[in-house]
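There are 2 protein chains.
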Amino acid sequence: MNKYLQYDPWSIIEEGFQENKQLASESIFSIGNGQIGQRANFEEFYSGETQLGSYIGGIYFPENIANLNKKIGYSSNSEKIINAPNWSVINVRLNDEKLDLATWDVKNFRRVLNMREGILERTFEATSFKGHRIQVNVKRFLSMAETEVGAISFTIKSLNFEGRISFQPLIDGEIINQNTIYNETFWNILQTKTEQDVSFLWAQTRKKDFHFCAALSYVLYKNNELLNINPTKIEKEKVAGFSVGTDVKIGETVCLNKYIAITSSLKHSREELTEYACNLSLASQKKGWNQLFGEHTAVWHKIWSEMDIMIDSDLAAQQAIRYNIFQLIQTYNGNDEKQNINPGVFSGEKLNGLTRWDTEAVCIPFYLGNLNQNTARNLLTFRFKHLSKAIQNAAILGFENGAALFPAATFNGKESINEWEKSFGEIHRNGLIAYSIFDYIRYTGDENYLVECGLQELIAIARFWKQRVNFSEEKNQFVICGVAGPNNYECNVNNNWFTNHIAVWTLKFTIECIEKVKKLDNEKFEALMHEINFSDDETFAWKNIAENMYFPVNNNNGTILQQDGFLDKFKIKASEIPESQLPVSMHWTRDRILRSSLIKQPDVLLGMFLFEDNFDKETISRNYDYYEPFTVHESAISYGIHSLIASRIGKEQNAMELFLKSCRYDLDDLSCDVAEGLHVTGMAASWMAVVHGFGGMQIKNDQLYFTPRIPVEWNAFSFTIHFRLNVLNFHFEKEKAIVQNVKGSDIFVNINNKPFNILSGNLLEIKL
Amino acid sequence: MNKYLQYDPWSIIEEGFQENKQLASESIFSIGNGQIGQRANFEEFYSGETQLGSYIGGIYFPENIANLNKKIGYSSNSEKIINAPNWSVINVRLNDEKLDLATWDVKNFRRVLNMREGILERTFEATSFKGHRIQVNVKRFLSMAETEVGAISFTIKSLNFEGRISFQPLIDGEIINQNTIYNETFWNILQTKTEQDVSFLWAQTRKKDFHFCAALSYVLYKNNELLNINPTKIEKEKVAGFSVGTDVKIGETVCLNKYIAITSSLKHSREELTEYACNLSLASQKKGWNQLFGEHTAVWHKIWSEMDIMIDSDLAAQQAIRYNIFQLIQTYNGNDEKQNINPGVFSGEKLNGLTRWDTEAVCIPFYLGNLNQNTARNLLTFRFKHLSKAIQNAAILGFENGAALFPAATFNGKESINEWEKSFGEIHRNGLIAYSIFDYIRYTGDENYLVECGLQELIAIARFWKQRVNFSEEKNQFVICGVAGPNNYECNVNNNWFTNHIAVWTLKFTIECIEKVKKLDNEKFEALMHEINFSDDETFAWKNIAENMYFPVNNNNGTILQQDGFLDKFKIKASEIPESQLPVSMHWTRDRILRSSLIKQPDVLLGMFLFEDNFDKETISRNYDYYEPFTVHESAISYGIHSLIASRIGKEQNAMELFLKSCRYDLDDLSCDVAEGLHVTGMAASWMAVVHGFGGMQIKNDQLYFTPRIPVEWNAFSFTIHFRLNVLNFHFEKEKAIVQNVKGSDIFVNINNKPFNILSGNLLEIKL
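As given, the protein sequences belong to chains L and A, one line each in that order. Residue numbers for the first sequence, in the working numbering: 4 to 771. Residue numbers for the second sequence, in the working numbering: 4 to 771.
If you are wondering where the hints come from, they were derived from the structure by calculation, not from laboratory data. Just so you know, not all the hints are guaranteed correct.
[Stated by the list, open to error] Here are the simulated DSS-like pairs of lysine-lysine, each with C-alpha atoms no more than 30 Å apart in a straight line:
{"hint": "1", "chain 1": "L", "residue 1": "Lys576", "chain 2": "A", "residue 2": "Lys478"}
{"hint": "2", "chain 1": "L", "residue 1": "Lys576", "chain 2": "A", "residue 2": "Lys737"}
{"hint": "3", "chain 1": "A", "residue 1": "Lys703", "chain 2": "A", "residue 2": "Lys737"}
{"hint": "4", "chain 1": "L", "residue 1": "Lys225", "chain 2": "L", "residue 2": "Lys160"}
{"hint": "5", "chain 1": "L", "residue 1": "Lys574", "chain 2": "A", "residue 2": "Lys469"}
{"hint": "6", "chain 1": "L", "residue 1": "Lys425", "chain 2": "A", "residue 2": "Lys511"}
{"hint": "7", "chain 1": "A", "residue 1": "Lys574", "chain 2": "L", "residue 2": "Lys469"}
{"hint": "8", "chain 1": "L", "residue 1": "Lys353", "chain 2": "A", "residue 2": "Lys425"}
{"hint": "9", "chain 1": "L", "residue 1": "Lys290", "chain 2": "L", "residue 2": "Lys142"}
{"hint": "10", "chain 1": "L", "residue 1": "Lys574", "chain 2": "A", "residue 2": "Lys511"}
{"hint": "11", "chain 1": "L", "residue 1": "Lys24", "chain 2": "A", "residue 2": "Lys74"}
Could you put the whole structure together from the sequences, leaning on the hints where they help?
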């Protein structure tokens with residue numbers, strides 16, 4: 004654990020320059036607007052340790068890995084999000100001295116990520132070798148209103164310096180990618196061009212032919228007055244921009260505002276890209292900082308008014324949960340069905356930006372609760388659009404009859420993971436994708452999705468499970484061999500309870516949905532059945548499997564057994580592992596982890612959460628008590644889900660401790676790798692821990708249910724929920740609950756199992 | 004299966020140029036002398052499909068794979084045998100036309116690998132575009148007598164051509180390696196130099212600093228008369244040699260003999276390498292073809308006189324078993340304890356030339372039976388010298404107290420495999436290394452090895468097993484989780500019977516050996532115990548484990564169970580798989596293989612062979628009947644071991660079929676990948692199938708036992724065995740056995756459990 008940040012309700016603050024934390028800070032202070040994003044690299048030259056990172060959502064690179072994977076069914080490409088040309092550069096010189104925080108003397112450094120307004124600000128005093136002292140303030144944001152625009156304001160006040168201060172605002176195409184296996188170059192720089200008032204760099208990925216263009220314009224102020232100085236144009240092979248400066252006296256201030264347009268062929272034709280970028284940059288410059296920033300903060304203000312979680316009297320938790328929401332919205336705002344959750348936000352290349360089953364397990368609930376149903380529907384549609392690739396993927400693995408296996412990690416529906424343990428073994432993802440359809444409909448009531456997309460997907464998944472199970476003569480039941488469950492500190496196990504359970508659940512749910520769609524729109528149903536060559540007879544086998552599946556049980560204590568053979572493992576609890584060996588993923592070899600009882604993230608317990616109606620509280624408690632001690636929580640989503648379950652079974656102290664670890668996972672660098680990027684899916688799990696855990700929210704019979712359990716440390720907490728056409732604000736104190744029907748018609752809300760009808764616009768206050 | 008070769012008792016013959024089999028032929032016709040080796044690439048230019056391969060035993064390259072393996076304990080290098088500069092090149096021109104079998108018209112092509120004399124010969128007629136017709140004969144060998152010398156004789160007779168025939172004998176440093184992941188260049192060419200009468204190329208590996216120098220000299224004959232023509236010297240950046248030619252008339256013959264010295268820093272200092280190579284080449288040229296070849300064939304004649312297996316009336320088997328012996332001796336002749344078995348012989352890069360547990364399972368028995376005990380002892384010492392690295396390797400995996408885990412595949416003791424399933428999971432190799440000590444001592448009686456090396460190794464292995472087992476509260480027995488047994492169509496299974504069995508066996512054997520060494524040399528024993536900090540108390544835990552190990556059983560039929568969970572698998576027999584899906588390793592995805600009952604190679608059955616004294620014939624039969632049908636034999640050693648077991652349990656027809664597949668595995672390309680290289684360890688298994696299977700050889704109580712079971716198809720078979728100080732020849736017919744005590748003192752030999760004392764030099768003939 005590496006705490007060095009200050010607590011604050013609305014900001015993340017680094018006081019004093021923590022040079023040895025620079026990589027971590029670059030991740031933690033990263034900003035994004037759902038389309039583009041950037042690590043908190045310094046604008047000016049920095050000779051210290053740094054990892055540049057500028058990312059465009061949807062631009063990725065399929066690195067050829069055929070040499071490594073000659074086995075059947077292995078991916079021959081590894082898709083990955085790639086570092087793009089750096090649009091944030093503003094180098095600074097005092098006469099001939101280049102500002103560099105690694106070598107200059109730095110005082111009063113303060114870096115603040117203002118989450119309320121979505122702006123990153125840095126102030127410091129710096130003294131050069133020659134003793135020249137300046138005070139600096141740098142602010143930047145990526146506009147939430149115009150998602151192709153970024154702006155940086157770089158202000159320097161001379162404290163003792165007389166001479167020339169010059170700025171070099173640049174687009175830099177000298178790109179290093181961290182995540183290349185072969186040290187491949189991913190970009191061709193097609194053109195750099197600097198006109199009188201705008202400069203651009205145009206690049207192309209060497210595969211997939213994504214085009215990218217960043218254009219910059221600027222204004223320069225001295226003592227708040229606009230300067231009109233002819234800049235030097237910079238137009239190198241891989242760098243474009245300007246060099247511009249002015250002489251200052253002691254006490255004087257110069258300020259350069261850089262307006263950047265960041266555009267790509269995802270949204271524009273290749274031919275018009277450079278022109279579009281230049282125009283957008285110039286238009287932004289014309290608009291000016293204040294207006295751009297005003298439009299930007301207006302979006303954030305609206306977001307916070309609808310999504311904030313307030314925690315009274317726990318600053319660490321308050322700060323962190325806002326940070327979690329902030330980063331979730333920065334990574335995905337639901338506007339694009341071609342995109343999905345980048346688990347590393349725009350903060351690094353570690354997880355290659357690929358979408359995994361975390362989307363269905365924890366992210367969809369967050370977006371369901373916070374944005375209108377289109378957002379969640381887009382996340383579902385992302386998968387539906389990949390159905391034909393999932394069917395192809397299953398066919399490669401030997402499945403027939405339109406069975407689908409969705410990829411373990413993907414950008415575009417193609418399997419992008421080249422570890423067979425995951426791509427072939429972690430098949431529970433297929434169940435979670437089915438579950439997300441259930442969850443979405445339960446939440447939104449949008450049964451039309453089932454008719455349009457969902458049923459087709461469900462049948463393809465049911466067909467997969469049907470072929471993937473196997474009848475064990477010995478057990479006289481169906482079994483599923485060779486999987487890794489959600490806890491992938493296992494590999495190639497037989498009868499992972501979670502997988503068997505979600506397989507059975509999928510089969511049953513699909514049968515239900517068939518009946519439902521028949522009733523909703525029999526004509527469309529018949530057309531679909533024809534299209535996918537389906538007959539009702541298929542469901543006989545599904546029922547048979549669902550009724551005769553084997554589930555492993557621990558006969559010693561009546562708990563569910565994670566998988567066959569779990570009891571033979573070397574039993575060690577997380578608390579017994581010396582601090583120096585944590586995280587075990589960085590200290591233990593894979594075999595040692597595999598044969599120990601250590602659990603990476605909830606497996607049986609994830610099932611108990613998803614299917615909680617099937618289990619009484621005592622059963623959940625017994626399983627929690629058995630599995631929690633083995634769990635090392637070496638995944639970001641782990642603490643949040645455990646916290647949620649702890650809340651629900653009345654282990655409030657536990658829930659609180661786990662929640663803090665969940666929401667502060669990256670701020671406190673619990674995984675010891677935040678330097679490489681954030682873990683955004685865990686942030687969604689933190690939100691769930693508050694809303695579904697402490698708030699106890701459930702959706703049953705088209706209604707919301709709450710069973711609040713407020714942690715002893717808290718005076719109150721509140722959150723807002725979008726539910727169907729309503730927006731509701733919930734405020735829970737120790738002894739009362741206040742629910743406001745902010746928007747929408749009258750609605751029934753159940754609190755502690757008592758129904759309350761809250762009229763439109765009204766507020767309910769009840770004693771708890 | 005791809006049969007295209009002719010049957011012959013002593014030769015491998017390709018009749019007519021099989022262009023589409025060229026890659027396979029290059030492997031099958033490869034030659035070597037235990038130190039150097041070469042695929043059967045054509046000497047002259049060939050524009051068709053070809054994979055050049057020239058190899059030096061002991062020269063390898065550690066390719067950096069750190070980018071791929073960021074997990075703890077993974078290898079950061081992948082060591083591999085690498086293709087060396089090609090010393091075999093002799094380009095040929097008729098005036099301006101370059102001989103090229105891919106484009107010229109070829110007739111009467113015949114390629115013969117004469118195994119009796121160890122020479123590769125090629126004859127053909129070729130017609131150029133211009134209609135020029137020549138008759139060609141090319142012979143080459145790598146001297147078994149002088150293992151740094153190779154010679155090629157290239158003879159051309161003009162059939163209708165008048166003009167200039169020129170030869171370019173070269174050393175070519177333009178090297179392509181098949182097995183590089185990163186398309187790395189492995190060699191630096193340090194120098195090429197061509198003097199008046201000798202030319203050399205000096206190269207260095209880019210890592211490990213191995214130096215290599217090949218030097219060539221030649222003589223040119225016309226109509227059998229020596230020509231003294233000034234050659235053109237060739238001295239390019241990466242190519243050295245000569246160009247020399249002469250005018251011919253129709254019916255005339257020219258012949259170029261090329262004498263190559265192939266030397267490396269493994270045997271010579273870097274400074275003297277080029278001089279040494281040049282001198283050796285010139286000395287060989289001076290010696291001349293006949294003398295060199297005579298010395299070479301003398302070695303082969305001696306080898307055959309001592310190691311031949313004669314099979315009367317089965318040409319396919321006769322040819323193949325000789326081919327097996329021939330390739331085994333070509334790959335390893337026991338002279339160098341720093342080398343071990345290269346499982347691909349010198350025929351390709353497929354298995355990277357790394358030593359695996361096949362050495363202990365099947366190769367050591369072959370060398371024990373065929374060469375003096377030093378050869379096998381060298382193979383054992385190879386492992387002993389790596390003991391400290393094996394202890395380091397285990398320490399990385401978390402083992403303490405001097406526990407050793409030998410690598411899954413290695414050149415130098417370091418783990419060179421980067422698949423955790425193998426490096427962390429296939430730990431039975433540790434047991435097989437212990438077993439080889441038992442086997443060696445049982446065979447040779449050399450108990451001194453135990454005192455000098457063996458006991459120290461055994462204790463380190465016992466310490467490994469002690470820590471690797473785990474007490475299962477549920478089973479109330481010791482278990483071993485997370486392994487892959489010899490059948491690595493499994494991964495991360497619990498309680499692989501073979502592994503559990505060999506672990507227990509090792510513990511018991513080590514305890515026995517401790518007592519034995521105490522008696523043999525208590526002083527050395529005490530010193531060793533001090534050195535490795537051993538006290539007898541450690542054995543209590545070993546005994547406890549040995550007495551309380553869990554072994555899985557199939558309760559349905561009383562067979563041994565390959566591992567826990569085997570019965571849940573999808574049951575499919577090898578015979579049920581369509582031909583088009585074989586081998587499954589090339590058609591099925593890994594998960595599908597893993598969750599099927601298919602077995603790659605003997606696992607339970609390997610244990611039944613190694614520890615056959617523990618099982619009655621009925622038990623072995625029952626297990627054979629259960630497991631054989633699941634076995635797809637997609638490993639070279641599989642058929643041989645199954646054949647051997649089938650012999651022993653009286654399934655002669657089965658044994659015969661399996662034996663033929665074993666010995667002709669490469670000749671008939673059963674694995675469909677012979678183009679990439681031969682499978683030499685399987686050849687050792689073929690030998691075992693004859694001697695231990697059909698011959699029924701066992702060693703018990705310091706004596707040889709035979710229970711011959713001659714296949715119905717055979718009239719007779721015979722083989723020679725080196726046993727301690729004796730050399731014995733065995734000849735079995737259907738109704739009689741003849742044993743000749745060729746060398747050594749009187750000896751007891753048991754045939755069908757009857758002891759016979761055979762006096763020195765005498766011959767025993769008995770009825771069967």
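Hints violated by the structure (listed by number, smallest first) | 2 and 6
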